[in-house]
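> Given the sequences, and given the hints that come with them, work out the whole structure.
Listed below are the residues making up each chain.
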Amino acid sequence: MKLYLLSVYQPDGAPPAPEVLEPIIRRVHALRDELKAAGAWVFSGGLHEASTATVVRVKDGDVITTDGPYIEGKEHIGGFTVIKAPDLDAALEWARKSAKAITLPIEVRPFMDQH
Amino acid sequence: MPEPPVGEADIERVFRAEYGRAVAVLVRHFGDIDMAEDAVQDAFAAAVQRWPSTGIPPSPAGWIITTARNRAIDRLRRESSRDERHAQAAFLLANEPSSDEEDAVPDDRLRLMFTCCHPALAPAAQVALTLRLLGGLTTAEIARAFLVPESTMAQRLVRAKGKIRDAGIPYRVPGAQELPDRLRVVLAVIYLIFNEGYTASAGECLVREDLCAEAIRLGRLAATLVPEDLEATGLLALMLLVESRRAARATTDGGLVLLAQQDRGLWNRRLIEEGQALVRLCLRRNQPGPYQIQAAINAVHSDAGHAAATDWRQILQLYDQLMVIAPSPVVSLNRAVAVAEVDGVEPALAIVEELALDRYYLWHAIRADLLRRVSRYQDAALAYRDAIARTDNAAERAFLQRGLETVRPH
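Quick note, the sequences are listed as chains A and B, same order. For the first sequence, my numbering assigns the number 1 to the initial residue and increments by one for each residue that follows. For the second sequence, my numbering assigns the number 1 to the initial residue and increments by one for each residue that follows.
Do not rely on the hints blindly, as some may be mistaken.
[What the hints assert, rightly or not] List time: in silico DMTMM-like cross-link candidates among lysine to aspartate or glutamate, alpha-carbon distance up to 20 Å:
| id | chain 1 | residue 1 | chain 2 | residue 2 |
| --- | --- | --- | --- | --- |
| 1 | A | K84 | B | D166 |
| 2 | A | K74 | A | E107 |
| 3 | B | K163 | A | E93 |
| 4 | A | K2 | A | E72 |
| 5 | A | K36 | A | D89 |
| 6 | B | K163 | A | E107 |
| 7 | A | K97 | B | D253 |
[Stated by the list, open to error] Only some residues are given here: those of chain B computed to face chain A with a beta carbon under 7 Å:
| id | residue |
| --- | --- |
| 8 | G55 |
| 9 | P57 |
| 10 | A167 |
The set of hints was computed from the structure by calculation and includes no laboratory data. These numbers were taken from a predicted model, which means no experiment stands behind them. From the three backbone atoms N, C-alpha and C, an ideal C-beta is built for every residue, glycine too.
Here you go:
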């Protein structure tokens with residue numbers, strides 16, 4: 001089994017209206033239950049919007065803390081799920097279900113093997 | 001009686017024919033593409049040493065696969081002192097029965113094809129991997145074929161193989177539900193290789209025959225391994241019929257000759273017969289798809305003993321069918337060429353003018369030809385110039401230049 005990170009890319013700005021958001025949340029919960037029932041779920045969570053991010057970095061030996069996010073852009077990671085899957089095709093099948101549930105693009109990345 | 005001596009050309013032939021099979025089997029055994037490639041290359045290096053004195057063995061593929069497998073196991077054993085997992089793999093493999101090596105082969109090549117053409121890989125990487133792993137082309141050959149520096153192509157291959165390994169792209173034929181979509185990608189890659197060979201997008205030669213031959217070899221493999229999907233058969237038929245006209249398509253000095261002006265005596269009858277037989281098989285099964293219809297269109301052209309005998313009505317009907325199941329501006333452009341023959345040049349020109357294909361040199365070339373035929377010479381000259389500006393293929397440019405000369409004021 002390999003571990004995969006499924007990241008949700010979300011446009012910045014106000015969240016959708018409740019009547020749009022509510023069914024999405026319902027579908028996301030149902031998918032999480034499905035992942036758990038299949039033994040594929042490891043961890044998942046949604047994030048506050050990117051304007052709440054803080055960046056910490058080392059510059060010339062000093063640690064500098066600044067208002068985030070780190071990468072400027074119109075979209076940021078809005079949430080993620082870590083899953084267990086036998087191969088990329090299985091991971092992509094979960095990603096397809098996620099994309100349908102959330103209606104946002106999902107990026108799938110493999111974790112390095114643990115040694 | 002002594003056997004004729006085994007030359008480099010004989011081994012090269014075996015290499016071209018068997019490299020893909022051997023790599024596919026080894027990938028199944030070891031689950032690692034680099035290891036499989038190294039082992040198969042070792043085995044061919046051994047063949048170059050041995051075969052000139054021993055002769056080519058009765059089953060060259062079997063010999064290569066067995067030798068490659070043994071080399072890989074030796075290598076794993078050497079490395080096993082460092083890595084317990086390698087030791088275990090070497091033990092398991094050394095004790096696995098291997099009598100069915102060759103029987104399992106076709107399936108293995110199909111699996112490898114689906115791995116190389118996985119949608120998680122970029123199209124350029126799919127093409128490069130397919131030519132490298134299934135075609136046995138060297139990185140330098142693939143780089144030359146696609147006019148990129150060898151280092152760029154090497155990087156592309158390393159990156160793609162790295163993604164297969166790290167992301168866990170499986171080595172397997174997709175399930176029935178996914179198969180049609182995944183096979184479309186495989187066929188698209190094969191057709192892309194063929195087209196790149198047929199009209200090299202740049203360079204001095206009109207055709208790069210080695211790429212066409214490789215695409216047909218891969219298409220034959222796909223059609224054989226997935227006979228139930230008629231699009232694979234359709235693509236093979238399409239490539240055979242287009243390839244059959246190769247000798248007639250260029251003058252001795254490399255100039256381009258259009259279908260209507262070709263010496264049909266130069267057409268390869270053997271390829272036409274095979275292609276037409278496949279088209280008839282597709283028609284009988286009646287599950288039309290884009291490749292099958294394009295093959296049928298080419299089969300109609302192949303039927304005509306001279307250009308004037310072409311059944312343009314049937315061709316137009318086939319394009320109408322193609323526009324229903326796979327509409328695209330390029331199909332519409334090709335259909336317009338048939339419209340010009342059946343309904344006249346003006347209606348064809350009206351269709352062409354509506355298409356948003358400004359970046360496609362053939363749109364300009366076809367438009368130029370139609371404008372010339374309705375005596376709008378100034379507009380035709382501009383269109384020829386636009387077409388010339390949009391292709392880097394020397395033969396195509398020379399052809400368009402000749403067209404331009406005919407519409408210039410005298």
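> Hint by hint, say whether it matches the structure.
Cross-check of the supplied hints:
Distance hint between K84 (chain A) and D166 (chain B) is fulfilled; the C-alpha atoms sit about 14 Å from each other, no more than 20 Å. Note on K74 (chain A) and E107 (chain A): the hinted pairing holds, with a Cα-Cα distance of about 16 Å set against a maximum of 20 Å. A distance of roughly 18 Å separates the Cα atoms of K163 (chain B) and E93 (chain A); the hinted pair therefore holds under the 20 Å criterion. For the suggested pair K2 (chain A) and E72 (chain A), the alpha carbons sit about 31 Å apart, so the restraint of at most 20 Å is broken.
For the suggested pair K36 (chain A) and D89 (chain A), the alpha carbons sit about 18 Å apart, so the restraint of at most 20 Å is met. Distance restraint check for K163 (chain B) and E107 (chain A): the Cα-Cα separation of roughly 14 Å lies within the 20 Å cut-off, and the hinted pair is therefore satisfied. Of the supplied pair hints, the one linking K97 (chain A) and D253 (chain B) is violated, its CA atoms being roughly 57 Å apart against a limit of 20 Å. Violation of the interface hint for G55 (chain B) is found here, the shortest Cβ-Cβ separation to chain A being roughly 43 Å, above the 7 Å cut-off.
For P57 (chain B), the shortest C-beta to C-beta distance to chain A is roughly 36 Å, which exceeds 7 Å, and the interface hint is violated. Interface hint at A167 (chain B): satisfied, since its Cβ lies 5 Å from the closest Cβ of chain A, which is below the 7 Å cut-off.
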